[in-house]
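So the protein sequences, as listed, match chains A and B. Just so you know, the first sequence maps onto residues 1 to 524 in full-length UniProt numbering. Just so you know, the second sequence maps onto residues 1 to 343 in full-length UniProt numbering.
If you're looking for bench data, these hints aren't it; they were derived computationally from the structure. Possibly wrong hints are sitting among the right ones.
Stated by the list, open to error - Computed footprint of chain B on chain A; a stretch qualifies when at least three of its residues, placed anywhere within it, have a C-beta under 8 Å from a C-beta of chain B:
(1) 52-66
(2) 219-228
(3) 382-393
(4) 487-497
Cβ atoms here follow ideal geometry from the backbone N, Cα and C, with glycine treated the same way.
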Amino acid sequence: MPTPVGPAPSPASRPAPSGGSGSSPWLRVAAIAVALLCVLPLVVVVAKALESGVGEALALVWRPRVGELLRNSVSLVVLTGVLSTVIGVGAAWLVERTALPGASFWRVAFVAPLAVPAFVNSFAWSALVPGLEGLAGAVIVTTLSYFPFVFLPVAALLRTVDPGLEEASRALGHGPWRTALRVGLTQVRPALLGGVLLVSLHLLAEYGALEMLRFPTFTTAILDQFEVAFDSRSGSVLATILIGLATTLLTLELLARGRTRHVRLGSGTARRAPRARLGRATPLALLGVLALTVLALGVPAWSIGTWLSRSDQAMEPTDLGPALWSTLGLGLVAALLTTIATLPAAWLVARSRSWVAVLLERVTYLAASLPGVVVALALITLTITYARPLYQTVFALVLAYVILFIPRAMVATRAAIAAVPPELGDAARALGDSPVRAFVRVQLPLMLRGTLAGSALVFIAVTTELTATLLLAPTGTRTLATAFWDASAALDYAAAAPYAAALVVLSAPLTYVLLRGNHEEPLT
Amino acid sequence: MRHRITALAAALAAATLGLAACGSGSLEASGDLDSSKLTIYSAQHKNLTEAWGQKFQNETGIKVQVRYGNDSSMGAQLVEEGASSPADVFLTENSPAMTTVQRAGLLAPVDPATVAQVEPQYVPSSKDWVGIAARSTVLVYNPSKISEAELPASLMDLADPKYAGKWGAAAGGADFQAIVSAALAQEGEQKTEAWLKALKSNAKVYQNNIATMKAVNAGQSAMGVIYHYYWYRDQSLDKASSGNTKLHYFKNEDPGAFVSLSGGGVLKSSKHAADAQKFLAFVTSKAGQDILRTTKVKEYAVGKGAQSDAALPPLASLEAPKIDPFTLNGPKVIELMTQAGLL
Numbered sequence: 001m002p003t004p005v006g007p008a009p010s011p012a013s014r015p016a017p018s019g020g021s022g023s024s025p026w027l028r029v030a031a032i033a034v035a036l037l038c039v040l041p042l043v044v045v046v047a048k049a050l051e052s053g054v055g056e057a058l059a060l061v062w063r064p065r066v067g068e069l070l071r072n073s074v075s076l077v078v079l080t081g082v083l084s085t086v087i088g089v090g091a092a093w094l095v096e097r098t099a100l101p102g103a104s105f106w107r108v109a110f111v112a113p114l115a116v117p118a119f120v121n122s123f124a125w126s127a128l129v130p131g132l133e134g135l136a137g138a139v140i141v142t143t144l145s146y147f148p149f150v151f152l153p154v155a156a157l158l159r160t161v162d163p164g165l166e167e168a169s170r171a172l173g174h175g176p177w178r179t180a181l182r183v184g185l186t187q188v189r190p191a192l193l194g195g196v197l198l199v200s201l202h203l204l205a206e207y208g209a210l211e212m213l214r215f216p217t218f219t220t221a222i223l224d225q226f227e228v229a230f231d232s233r234s235g236s237v238l239a240t241i242l243i244g245l246a247t248t249l250l251t252l253e254l255l256a257r258g259r260t261r262h263v264r265l266g267s268g269t270a271r272r273a274p275r276a277r278l279g280r281a282t283p284l285a286l287l288g289v290l291a292l293t294v295l296a297l298g299v300p301a302w303s304i305g306t307w308l309s310r311s312d313q314a315m316e317p318t319d320l321g322p323a324l325w326s327t328l329g330l331g332l333v334a335a336l337l338t339t340i341a342t343l344p345a346a347w348l349v350a351r352s353r354s355w356v357a358v359l360l361e362r363v364t365y366l367a368a369s370l371p372g373v374v375v376a377l378a379l380i381t382l383t384i385t386y387a388r389p390l391y392q393t394v395f396a397l398v399l400a401y402v403i404l405f406i407p408r409a410m411v412a413t414r415a416a417i418a419a420v421p422p423e424l425g426d427a428a429r430a431l432g433d434s435p436v437r438a439f440v441r442v443q444l445p446l447m448l449r450g451t452l453a454g455s456a457l458v459f460i461a462v463t464t465e466l467t468a469t470l471l472l473a474p475t476g477t478r479t480l481a482t483a484f485w486d487a488s489a490a491l492d493y494a495a496a497a498p499y500a501a502a503l504v505v506l507s508a509p510l511t512y513v514l515l516r517g518n519h520e521e522p523l524t
Numbered sequence: 001m002r003h004r005i006t007a008l009a010a011a012l013a014a015a016t017l018g019l020a021a022c023g024s025g026s027l028e029a030s031g032d033l034d035s036s037k038l039t040i041y042s043a044q045h046k047n048l049t050e051a052w053g054q055k056f057q058n059e060t061g062i063k064v065q066v067r068y069g070n071d072s073s074m075g076a077q078l079v080e081e082g083a084s085s086p087a088d089v090f091l092t093e094n095s096p097a098m099t100t101v102q103r104a105g106l107l108a109p110v111d112p113a114t115v116a117q118v119e120p121q122y123v124p125s126s127k128d129w130v131g132i133a134a135r136s137t138v139l140v141y142n143p144s145k146i147s148e149a150e151l152p153a154s155l156m157d158l159a160d161p162k163y164a165g166k167w168g169a170a171a172g173g174a175d176f177q178a179i180v181s182a183a184l185a186q187e188g189e190q191k192t193e194a195w196l197k198a199l200k201s202n203a204k205v206y207q208n209n210i211a212t213m214k215a216v217n218a219g220q221s222a223m224g225v226i227y228h229y230y231w232y233r234d235q236s237l238d239k240a241s242s243g244n245t246k247l248h249y250f251k252n253e254d255p256g257a258f259v260s261l262s263g264g265g266v267l268k269s270s271k272h273a274a275d276a277q278k279f280l281a282f283v284t285s286k287a288g289q290d291i292l293r294t295t296k297v298k299e300y301a302v303g304k305g306a307q308s309d310a311a312l313p314p315l316a317s318l319e320a321p322k323i324d325p326f327t328l329n330g331p332k333v334i335e336l337m338t339q340a341g342l343l
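Using the sequences provided together with the hints, build the complete structure.
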């Protein structure tokens, strides 16, 4: 799953006055190495696509199939993007700005769908509505899976934004609707755009949900290509187009974000906006949020629950144990390595904030917004051609996880480092500690807690990763996601249900982490 | 603090080891391969491969490990790995993947004694591999959606506009691609290409044979092109996925009556060549072929004098087209399917 480009620097990560420890050349070398690692997939995939000339590559691009995939991918992004915006913003407004009863309950209910991976959600829907498929099916399922990405940042903003501008607009004679559209929407625009970008990137990267709903996009087509032709040029050409689409989205978001700022200047505490009374519309609003909750949470819960109770009807017995252990093992190792990989760049940014440091940090965001299938394909090409002993090893799989999920750890690590006063390290050095010893004894313990939060996000992302795992897991290594996939591909719902339940249980803490943090950072 | 870090590191190491140790009880290799064991790359069904491997291991004492995959990607993987492949034996579901490996010059000739155990029509002209099982193409249909009289006489007739929107197939899978390769061998490139284009516009593409059969069973599609054994297996169980359906055999040496051959071959680069030949001899022997019946996989036996599952119509009665499995051209099929916009 991709993660968006850089978050706005939070107050906590403002550069501390530079201490001596920020300038070690080794640190810079390490940060550069990590950044290069993150760009590698991009280079490899494009190089492979152009292997036998631009002409051949173009011949693979200019064909009806690519047109069909492009049409599908774009219509999915547009439709789900619009629906997620309407639902996400609407729900956020109801929860944060109106007197809707039970607001704190709905706030949790509208973030909780993120604990159900989209491919599990599509399984739940297919089990309930067997005929659900194509564009309509894909839009319904992905909207219900991804609208929280819009809801969460918009709700957070609506909760905290000062109502002063809106009051000014009313005082100047604009009606409530006009004010909502001109002032409210402008104020939430950055959060909204960030959310929609996240939804779009997830849609480009989605494999499981769309394959199950028989809706081909670039990502599903790349996996089809891999099935028939393994590490092929046509697969890499499709992956290159996918890179182009992801980059286009990132650029569009950057352009749409614009340069206008809507911030409070001056001292004082922002007021909370008064909540609008819904009056006679209250039952209607309640019905709406209830319907949304039933569709987004009730359906997966009911579907998984029903099939779980029928798991004795499974065609293939469920073997939860080994899949669970290898999933947890991979999650732990990948979380640890990812966090370590973020340390150099996060340290440089938190301590010096030179443009080189910022660039090194941002590069990791860019690479990670590529779909998992691209990174996986690149690592297959790479290991087969240049590093054969690493091919079909857990190492290659963990490497993919590190590249894909670095930003999740980066944000937390950077904030954690920034919160440690550099003077403490200087003091330890002055008292005779070597730089390494000073780091291990003084700074590491202080930043451990914050860093662990980032590791937790990586861990959850790894445990539910499907696409890259399908391509890279050594034969015989089965994770919850791939075991679920095997069972659900055979439409063996009863065998798939226990894996689905385990995946949801493992992701459930995500809801808590997301609600707890005041998130201006990558949400997934 | 240091203790905590040590404890964390120990926990991680334990987790990683746990990763390597999982999957016991099955022959499936997890993580690194053990070079002392006979290594089988299997695209065949897991329960069948396991049954063969376990019995062989018990009878001969030769230790076996298996890597599972799919026909096409595993065939391509073997070609990529070339002479440095750790594989000793390759088992497929359909012949085109085996032919890919054979054409790359990676297969060793099969022992003549093993070849002699298999019905001659199930051995390719090259004798670089042998048939180990067979499956027949069938048309599964839902009588409430289409009557028997309306069914097409030939697989090629499905291209007729009157069947538009009424049939489905798992076009992305190796099973279906084997059927297309038979059509290509029999009907030629032009007709096959036109047929594939019709498939693109007329048919629903499903994820696999099971999904196709279930869609027909649920009435979402009137007909589906699948292999026979999915239907017979479900019929022998609770019929949950096939209870509303019937099978139609095209017969008459139609491309739709194509019997696809699952193959077994020994890699030239094998470091356990003698053991690998022994394994193939076992699989094609009476005892090996009986496993096709006892595991209830419902695939046809191809060994001389071997009995297939009693529920199946005799293989000889299917009037399959006579095609040398060695001539089936996998890459060409993929090229045609790419042109038709299916891939």
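(request) Go through the numbered hints given earlier and state which of them the structure violates, listing their numbers in rising order. (result) none
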